[in-house]
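A.B. asks: Single-letter residue listing:
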Amino acid sequence: MTLPCGTRSYRYAEDMAIIRTKTQWALLIFLLVVLFTMPLYVRSNYWLGIANLIGITLIAATGLNILIGYCGQLSIGHAGFIAVGAYTSAILTNRLELPFLVGLICAGITAGLIGLVFGIPSVRVKGFYLAITTIAAQFIIIWVINHWGITGGFIGISAPYPAIGGFVFKSEASQFYLIITITVICIFVAKNLARSRIGRAFIAVRDNDLAAEVMGVNLFRYKLLAFFIGCFLAGIAGSLLAHWIGFINTEHFSLAESILYIGMIIIGGLGTTVGPIFGVVFVRLLQQLLTVGVVPFLEGTFTSLPAGFATGVTPMLFGLVIVLFLVLEPRGLAHRWALFKSAYRLWPFSY
Amino acid sequence: MAVLVQLLITGLAVGMVYALIALGFVVIWKSSSVANLALGQLVLISSWFTYGMLAQIGLPLWLGFPLVILFALALGWLMERVALRPLIAQPILSLITVTLGVAYFIEGIVTFIWPKSVAALPRLFPVEPFHIGAAVVSQEYLWVAIISLIVFGLLTLFYRYHKMGIAMRATADDQLAVQACGIPVTRIFSSSWMVACVVAAVGGVLISSIGGITFGLVETGLKAFSVVILGGLDSFIGAIVAGPIIGLCETLGGGYLTPFLWPGVKDIIPFIIIIIVVLIKPYGLFGEVRIERI
Chain L
1 MTLPCGTRSY RYAEDMAIIR TKTQWALLIF LLVVLFTMPL YVRSNYWLGI ANLIGITLIA
61 ATGLNILIGY CGQLSIGHAG FIAVGAYTSA ILTNRLELPF LVGLICAGIT AGLIGLVFGI
121 PSVRVKGFYL AITTIAAQFI IIWVINHWGI TGGFIGISAP YPAIGGFVFK SEASQFYLII
181 TITVICIFVA KNLARSRIGR AFIAVRDNDL AAEVMGVNLF RYKLLAFFIG CFLAGIAGSL
241 LAHWIGFINT EHFSLAESIL YIGMIIIGGL GTTVGPIFGV VFVRLLQQLL TVGVVPFLEG
301 TFTSLPAGFA TGVTPMLFGL VIVLFLVLEP RGLAHRWALF KSAYRLWPFS Y
Chain U
352 MAVLVQLLIT GLAVGMVYAL IALGFVVIWK SSSVANLALG QLVLISSWFT YGMLAQIGLP
412 LWLGFPLVIL FALALGWLME RVALRPLIAQ PILSLITVTL GVAYFIEGIV TFIWPKSVAA
472 LPRLFPVEPF HIGAAVVSQE YLWVAIISLI VFGLLTLFYR YHKMGIAMRA TADDQLAVQA
532 CGIPVTRIFS SSWMVACVVA AVGGVLISSI GGITFGLVET GLKAFSVVIL GGLDSFIGAI
592 VAGPIIGLCE TLGGGYLTPF LWPGVKDIIP FIIIIIVVLI KPYGLFGEVR IERI
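Same order as they appear, the protein sequences are chains L and U.
No gaps in the numbering here: position 54 of the first sequence is 54 in the numbering used here, and each next residue is one more.
Plus 351 on top of the position in the second sequence (first one is 1) and you've got the numbering used here.
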């Protein structure tokens, strides 16, 4: 199907393997080498910063993809759960001076538990009701953070550099290694989760939850599990984000950010592992291109632009991109990628 | 006591406006089962448009307000035609997300055209307060409540007697049967979006004539969802009953709970109500309980 001719399986383990051919192994190793040596040839801190942001966003988007793409539970409050993780980690490391790793794990677990609480309605309702519940969750979380003394309120809270053992990740390059390692682990786990019993249960729930229940899938358990895993990854991403930025307040976790996360996985392609990667890279690069390249250029060229141009053009364009993708390519960039791969494999023959 | 009366009247009036905005949601949900999450942004852009017409260009009210209605009609038509029409019969996730995309887009347009974040509409209603016992209540609230009731009445009449209104109700009931009767369902969708936008625009103008135009209007639109959830997604009566309830909870809670909790508890009450309602009675007070079959 998606494999080159002549690939045979002699054992079930071979049939199940993700990576089947020598070419795929070579490409994977090549990709990992390119990825992990990035700080050696990308010298600018600016681009490494973007890579870090992409890595962090990717963890959260992978979580959201498990929740929406695999399990079909709509969540429009993802930024709220990321905020839970970010603040948990910042409070633990800053106020209680616990080590970074403890903060990281606790951030994931706290966000997961909060996600569980707000995911409970998913057992009874779905679709729009769930969307509204998660929006409510987002507002309640942000409100609590803004008013609770321990979180620093509206001003925000600072988070120290991440440190493991005695080593402090101070530079962009060292943080890059930390973030990219966790990102790769998360994607690997997500890919395998989707193929496991849990992942298949998720897909059954997504396609028709009543039918799944009749088949013996425990809805309560699997829906809440999806919320826990999705929000756990959001919490991990939040923790990394807090320590990477160094100083967070609730401005980083607005509803618009939640919508952008949904946009990312839609643009990338729901229910695929490569989808979030495409979506996140696309959206974050477009963001950088707009704020650093296009807008200053246009403002320099046309001096009579209205004052709101710089702040208005980004949401406008992202809204447009989300709508266009839904209308024109609802299966996202991942589908295009699959089409490209099969076309490449058969080239120059079209059959 | 005076405080209580004041809070009661304010809550009822604000609740009426919420109900009005919520009606804009119900109209669309009833005819096409699309959840319009861009409600807050519709309120926002129509308020800003009113500001542009009345304050910036300086049109008189009798000319400016019909223009706002026209603008809302055009907006509703455009949204349905460009974003929603291609997605008919798509999964609910796509439908919800596309309205979110539209919401984002509208927010961008608003910051683009009206870069300042706060503005006040010119006074639409007389400002002299009137007295009920010891309570002093701003006259604006009364006017807002009256206009909301009038719009609600008009809408009810429209749905009861106008041909298009009856067709809309029929579409809500059974799309396939309606299509077989020769009613163009797509046109019904498009006109329900237009009606919804007008209702949201009126609500927006009313609420921003009291509180001014800020980005908080988006949140106001989101609070209208608590009305929808409490009243039931497909019920006009539900919206009209639940609106004042939410308004009262908000003002009373804000008035009496703030000393015990953190400030700003007022803004969060509708969202807490959403979660409670979804947990206890997900289809709301008057909503139709759907029984699912495989």
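I should point out that these hints are in silico values taken from the structure, not numbers from a laboratory.
In this text, a Cβ means the ideal position worked out from N, Cα and C, and glycines have one as well.
One or more of the hints may lead you astray.
Unchecked claim - Derived pair list, reagent style DSSO-like, types lysine-lysine, alpha-carbon separation capped at 30 Å:
{"id": "1", "chain 1": "U", "residue 1": "Lys632", "chain 2": "U", "residue 2": "Lys467"}
{"id": "2", "chain 1": "U", "residue 1": "Lys467", "chain 2": "L", "residue 2": "Lys126"}
{"id": "3", "chain 1": "U", "residue 1": "Lys632", "chain 2": "L", "residue 2": "Lys126"}
As the list claims (entries may be wrong) - Not the full set, but computed from the structure, chain L residues with beta-carbon under 7 Å of chain U:
{"id": "4", "residue": "Leu74"}
{"id": "5", "residue": "Phe128"}
{"id": "6", "residue": "Ile132"}
{"id": "7", "residue": "Thr133"}
{"id": "8", "residue": "Phe139"}
{"id": "9", "residue": "Ala310"}
{"id": "10", "residue": "Gly312"}
{"id": "11", "residue": "Val327"}
Said to hold, decoys possible - FRET-style restraints, in silico, Cβ to Cβ:
{"id": "12", "chain 1": "L", "residue 1": "Pro160", "chain 2": "U", "residue 2": "Lys617", "range": "32 to 38 Å"}
{"id": "13", "chain 1": "U", "residue 1": "Leu636", "chain 2": "L", "residue 2": "Ser196", "range": "41 to 47 Å"}
{"id": "14", "chain 1": "L", "residue 1": "Tyr344", "chain 2": "U", "residue 2": "Ser384", "range": "37 to 43 Å"}
{"id": "15", "chain 1": "U", "residue 1": "Leu505", "chain 2": "L", "residue 2": "Val184", "range": "57 to 63 Å"}
{"id": "16", "chain 1": "U", "residue 1": "Asp618", "chain 2": "L", "residue 2": "Leu219", "range": "42 to 48 Å"}
{"id": "17", "chain 1": "U", "residue 1": "Leu505", "chain 2": "L", "residue 2": "Leu320", "range": "44 to 50 Å"}
{"id": "18", "chain 1": "L", "residue 1": "Arg95", "chain 2": "U", "residue 2": "Val354", "range": "37 to 43 Å"}
{"id": "19", "chain 1": "L", "residue 1": "Leu298", "chain 2": "U", "residue 2": "Ser384", "range": "36 to 42 Å"}
{"id": "20", "chain 1": "U", "residue 1": "Leu505", "chain 2": "L", "residue 2": "Arg221", "range": "31 to 37 Å"}
{"id": "21", "chain 1": "L", "residue 1": "Asp15", "chain 2": "U", "residue 2": "Lys617", "range": "55 to 61 Å"}
{"id": "22", "chain 1": "U", "residue 1": "Pro477", "chain 2": "L", "residue 2": "Leu96", "range": "43 to 49 Å"}
{"id": "23", "chain 1": "U", "residue 1": "Lys617", "chain 2": "L", "residue 2": "Val184", "range": "42 to 48 Å"}
{"id": "24", "chain 1": "U", "residue 1": "Leu636", "chain 2": "L", "residue 2": "Tyr46", "range": "53 to 59 Å"}
{"id": "25", "chain 1": "U", "residue 1": "Val354", "chain 2": "L", "residue 2": "Leu298", "range": "52 to 58 Å"}
A.B. asks: Work down the list of hints and note, for each, if the structure agrees.
C.D. replies: Here is how each hint holds up against the structure:
1. U:Lys632 with U:Lys467: Violated, at roughly 41 Å.
2. U:Lys467 with L:Lys126: At roughly 38 Å apart (the allowed maximum being 30 Å), Lys126 of chain L and Lys467 of chain U break the hint.
3. U:Lys632 with L:Lys126: holds (13 Å)
4. Leu74: Status holds, d = 6 Å.
5. Phe128: Result: holds, 4 Å to nearest chain U Cβ.
6. Ile132: holds (5 Å)
7. Thr133: OK, holds: Thr133 of chain L within 7 Å of chain U, min 5 Å.
8. Phe139: At about 5 Å, which falls below the 7 Å cut-off, the nearest Cβ of chain U leaves the hint on Phe139 of chain L intact, so it holds.
9. Ala310: It is violated, given that the least Cβ distance between Ala310 of chain L and chain U is near 9 Å, above 7 Å.
10. Gly312: holds (3 Å)
11. Val327: This interface hint holds because 5 Å falls under the 7 Å limit.
12. L:Pro160 with U:Lys617: 32 to 38 Å: holds (36 Å)
13. U:Leu636 with L:Ser196: 41 to 47 Å: Given a distance of about 42 Å, which is inside 41 to 47 Å, the answer is holds.
14. L:Tyr344 with U:Ser384: 37 to 43 Å: With Cβ atoms ~41 Å apart, the hint holds.
15. U:Leu505 with L:Val184: 57 to 63 Å: holds (60 Å)
16. U:Asp618 with L:Leu219: 42 to 48 Å: violated (33 Å)
17. U:Leu505 with L:Leu320: 44 to 50 Å: violated (34 Å)
18. L:Arg95 with U:Val354: 37 to 43 Å: Roughly 39 Å apart at Cβ, these two residues keep to the hinted range, so it holds.
19. L:Leu298 with U:Ser384: 36 to 42 Å: holds (41 Å)
20. U:Leu505 with L:Arg221: 31 to 37 Å: violated (49 Å)
21. L:Asp15 with U:Lys617: 55 to 61 Å: holds (60 Å)
22. U:Pro477 with L:Leu96: 43 to 49 Å: This hint is violated: roughly 57 Å between Cβ atoms.
23. U:Lys617 with L:Val184: 42 to 48 Å: holds (45 Å)
24. U:Leu636 with L:Tyr46: 53 to 59 Å: holds (55 Å)
25. U:Val354 with L:Leu298: 52 to 58 Å: holds (53 Å)
Consistency note: the structure conflicts with the earlier hints numbered 1, 2, 9, 16, 17, 20, 22.
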